[in-house]
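Got chain C sorted already, so can you dock chains E and V onto it with the hints?
Each chain is listed here by its residues.
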Amino acid sequence: MSQPAETTVSNGTDPVTIDHEQRRRDGLARYAEIMGVPHPAPQSPRTATLIDFVFAEIWSRPVLTRRERRFISLTCAAATDSLSTLADLLYGALASDEMSYAELGEWVLHYAVYCGWGKAETAERILDEQWQRLHRARGELVPPRPEHPQTTVPEDQELRKQGGEQEFRDTNFVPSPARGVPYYDDGILNFVFGDMWKRPGLSRRDRRWITLACVGVDDTVGPIRSHVYSAMKGGDISYEEMREMVLQFAAYAGWPKGSLMQQTVDEEHTRVVTEGSQS
Amino acid sequence: MSQPAETTVSNGTDPVTIDHEQRRRDGLARYAEIMGVPHPAPQSPRTATLIDFVFAEIWSRPVLTRRERRFISLTCAAATDSLSTLADLLYGALASDEMSYAELGEWVLHYAVYCGWGKAETAERILDEQWQRLHRARGELVPPRPEHPQTTVPEDQELRKQGGEQEFRDTNFVPSPARGVPYYDDGILNFVFGDMWKRPGLSRRDRRWITLACVGVDDTVGPIRSHVYSAMKGGDISYEEMREMVLQFAAYAGWPKGSLMQQTVDEEHTRVVTEGSQS
Amino acid sequence: MSQPAETTVSNGTDPVTIDHEQRRRDGLARYAEIMGVPHPAPQSPRTATLIDFVFAEIWSRPVLTRRERRFISLTCAAATDSLSTLADLLYGALASDEMSYAELGEWVLHYAVYCGWGKAETAERILDEQWQRLHRARGELVPPRPEHPQTTVPEDQELRKQGGEQEFRDTNFVPSPARGVPYYDDGILNFVFGDMWKRPGLSRRDRRWITLACVGVDDTVGPIRSHVYSAMKGGDISYEEMREMVLQFAAYAGWPKGSLMQQTVDEEHTRVVTEGSQS
Numbered sequence: 001m002s003q004p005a006e007t008t009v010s011n012g013t014d015p016v017t018i019d020h021e022q023r024r025r026d027g028l029a030r031y032a033e034i035m036g037v038p039h040p041a042p043q044s045p046r047t048a049t050l051i052d053f054v055f056a057e058i059w060s061r062p063v064l065t066r067r068e069r070r071f072i073s074l075t076c077a078a079a080t081d082s083l084s085t086l087a088d089l090l091y092g093a094l095a096s097d098e099m100s101y102a103e104l105g106e107w108v109l110h111y112a113v114y115c116g117w118g119k120a121e122t123a124e125r126i127l128d129e130q131w132q133r134l135h136r137a138r139g140e141l142v143p144p145r146p147e148h149p150q151t152t153v154p155e156d157q158e159l160r161k162q163g164g165e166q167e168f169r170d171t172n173f174v175p176s177p178a179r180g181v182p183y184y185d186d187g188i189l190n191f192v193f194g195d196m197w198k199r200p201g202l203s204r205r206d207r208r209w210i211t212l213a214c215v216g217v218d219d220t221v222g223p224i225r226s227h228v229y230s231a232m233k234g235g236d237i238s239y240e241e242m243r244e245m246v247l248q249f250a251a252y253a254g255w256p257k258g259s260l261m262q263q264t265v266d267e268e269h270t271r272v273v274t275e276g277s278q279s
Numbered sequence: 001m002s003q004p005a006e007t008t009v010s011n012g013t014d015p016v017t018i019d020h021e022q023r024r025r026d027g028l029a030r031y032a033e034i035m036g037v038p039h040p041a042p043q044s045p046r047t048a049t050l051i052d053f054v055f056a057e058i059w060s061r062p063v064l065t066r067r068e069r070r071f072i073s074l075t076c077a078a079a080t081d082s083l084s085t086l087a088d089l090l091y092g093a094l095a096s097d098e099m100s101y102a103e104l105g106e107w108v109l110h111y112a113v114y115c116g117w118g119k120a121e122t123a124e125r126i127l128d129e130q131w132q133r134l135h136r137a138r139g140e141l142v143p144p145r146p147e148h149p150q151t152t153v154p155e156d157q158e159l160r161k162q163g164g165e166q167e168f169r170d171t172n173f174v175p176s177p178a179r180g181v182p183y184y185d186d187g188i189l190n191f192v193f194g195d196m197w198k199r200p201g202l203s204r205r206d207r208r209w210i211t212l213a214c215v216g217v218d219d220t221v222g223p224i225r226s227h228v229y230s231a232m233k234g235g236d237i238s239y240e241e242m243r244e245m246v247l248q249f250a251a252y253a254g255w256p257k258g259s260l261m262q263q264t265v266d267e268e269h270t271r272v273v274t275e276g277s278q279s
Numbered sequence: 001m002s003q004p005a006e007t008t009v010s011n012g013t014d015p016v017t018i019d020h021e022q023r024r025r026d027g028l029a030r031y032a033e034i035m036g037v038p039h040p041a042p043q044s045p046r047t048a049t050l051i052d053f054v055f056a057e058i059w060s061r062p063v064l065t066r067r068e069r070r071f072i073s074l075t076c077a078a079a080t081d082s083l084s085t086l087a088d089l090l091y092g093a094l095a096s097d098e099m100s101y102a103e104l105g106e107w108v109l110h111y112a113v114y115c116g117w118g119k120a121e122t123a124e125r126i127l128d129e130q131w132q133r134l135h136r137a138r139g140e141l142v143p144p145r146p147e148h149p150q151t152t153v154p155e156d157q158e159l160r161k162q163g164g165e166q167e168f169r170d171t172n173f174v175p176s177p178a179r180g181v182p183y184y185d186d187g188i189l190n191f192v193f194g195d196m197w198k199r200p201g202l203s204r205r206d207r208r209w210i211t212l213a214c215v216g217v218d219d220t221v222g223p224i225r226s227h228v229y230s231a232m233k234g235g236d237i238s239y240e241e242m243r244e245m246v247l248q249f250a251a252y253a254g255w256p257k258g259s260l261m262q263q264t265v266d267e268e269h270t271r272v273v274t275e276g277s278q279s
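So the protein lines, in turn, are chains C, E and V.
Residue 200 in the numbering used here is what sits at position 200 of the first sequence, and the numbering runs on without skipping anything.
Residue 90 in the numbering used here is what sits at position 90 of the second sequence, and the numbering runs on without skipping anything.
Residue 127 in the numbering used here is what sits at position 127 of the third sequence, and the numbering runs on without skipping anything.
Hints listed in this document are in silico derivations from the structure and should not be mistaken for laboratory results.
These numbers come from a predicted model, not from an experiment.
Keep in mind that a hint or two might mislead.
What the hints assert, rightly or not - Here are some of the chain V residues that sit facing chain C, going by a computed Cβ distance under 8 Å:
no., residue
1, E106
2, A112
3, E121
4, C214
Ideal Cβ placement from N, Cα and C applies to all residues, glycine included.
Isolated chain C (complex conformation) (with noise of 0.2 Å):
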């Protein structure tokens, strides 16, 4: 408490002081880059606190890309039901050009496995319309949907589920579960690992930050630790930028939620330097 000031600021971008009306009017410029549109001047609590925290403060951070924190973003938006940040975040995503209409197609198929084909539905719905919106904005009719790649699983049910069983270990750093359960036989092996993890069009990366929001959202408690600490001992995402994410996610799903996240980030990287060590 005692120490300088210069010595407290917990990376060298941290600013010592903030003049407050400066860091509104950068807030609100952030916000209108990031999602495609300016926003209203502030008038209440919220969005007074939304554009000097959220977008001055939070989005202008270094470590993670625009597009990863675009990932946590809308997944927490989605995942906690927030149909209108999620329908405003998803129209900043496409007017940015840094993510396409295919991806977020893959996007909304990878929730659907995480969070549930019910709340997929409502996300395909709003992406849909966002997309519609973006074309109407630009003056743009709006394209057909792309063809939708056929599957390339295999048709032989023992290849199909051996090739889960692989991407189970790739992924997950664990040995496989037994055949034989329904969950773990037909659901896990067969179609989580022995099909959509496999996909094409979102990076394993990509998948990380996704599955990460989702199950931080949903407090699964072993699923956050699986995810968490298999996205860090497979090399997909360093401590680092596992901290970062924490604070990103913790803006969207609440702090909460980001304490056991925080908490399990820390316990799970000891434990891959544990490991490191010792191999």
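This is chains E and V only, laid out in the frame that chain C set:
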């Protein structure tokens, strides 16, 4: 892994190979049968996978009846705030005549107890809209709502709570909670077990499916454990049926929530078996 | 069980018998009083039970004020995405003059912090709609939104975080978290305790009720524990009040979420008492 394919199928009806085009046709046919209306040609990753996996592979499975799968699915849709999926599932349930409007009115009330009054208000509005939609589709007038039966709970509060204590023990297979704490006394004993679980209109097995889906979506570890245990302990639901429930549940609530449910089902099955062998 | 009925009532005002027809009339009268509009004749199982139990038996209880029950209930309605119930509760709160529009604007912001910005955007839209509905019902013009007060947080970042650390300790009764981690440093210290909890417009006790309902619906075990503990530790909320809160909370969030809340209230009460007797 080196075993012949025939030995790896998880039950006698699983196919060894799956023709993907036939699967698509099967899924579309089953969707129309279950939902009471045809599905448009699947064009997005989500809709294609919904037909190929959820309808072709999950809804076709044995062990649970279609009506039971409906209870699990529509409770998940409601609890996850998937309002358009909920609407379509309610329409399908009414159109199939597998559930009556009166039974679904009881479902709304049981759901209110386990997921809260606010969510149930939304569910009832959607039920009523689908009830009207069905009559319009059939070119019929919407019949007046049947008279709501008067409760049969005793007016004597001590008798009512004693009845709640008895019902609590009969349903949960553990001692009833202490009097004097508002949540237990006025809530659990007086209301949840003193009235709700004793109502006619749904069987105890029906209420088990609804409750399991509610607590599963809620991620409330203690109630998941106690309801999974008591459903198997009392013989209302077998271990095989429970495992099938987890798969249907995971498809509608997301695989992370299915993970805790599957783990709990296995642990509580062991507990029930152990207790049985000791008695 | 063989004790006379008089000894089993949980508090001095509980009746020994309840006339069901009188209870229905009481519930309807109380609904109109709390919600600012009459309820239509209850015809479904849900609406009948809502009147007979939630309004006749729960809202009439002592220990908490009606305004406090409103905070708990409307936070639950928002957090569980019960949008029509939320709308009616906000209308009732404004119509009763027990909460001002400015206080509810602060409620939206506090809720944004604990349940996420997306959900709060929906809540604010509904608040504004009900604010307009109330003025229409009164035949009045909607007044312009009051000027949003400028934040009083220091522009010097080190001072701001030191203030956050102090507020964190004063609110939570545990040491403040380490600097340098984005979630703790830029989120919890800089924002949640460096700004939000220090704002005027709601008392700390008000913020306690809102926070408890948010973390309770979230099922976030750690934050439930820490907020239940600190509310009793600091003397903002007594054990008796906490137990009454659990009942109101369970009615609006569902009984399974109430179960963890009740258990935590009992455990943390024991902890607070034990610490008190040791000091």
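Cross-check of the supplied hints:
no.	hint	verdict
1	E106	holds, 6 Å
2	A112	holds, 5 Å
3	E121	holds, 5 Å
4	C214	holds, 7 Å
When each numbered hint is compared with the structure, no violation occurs for any of them.
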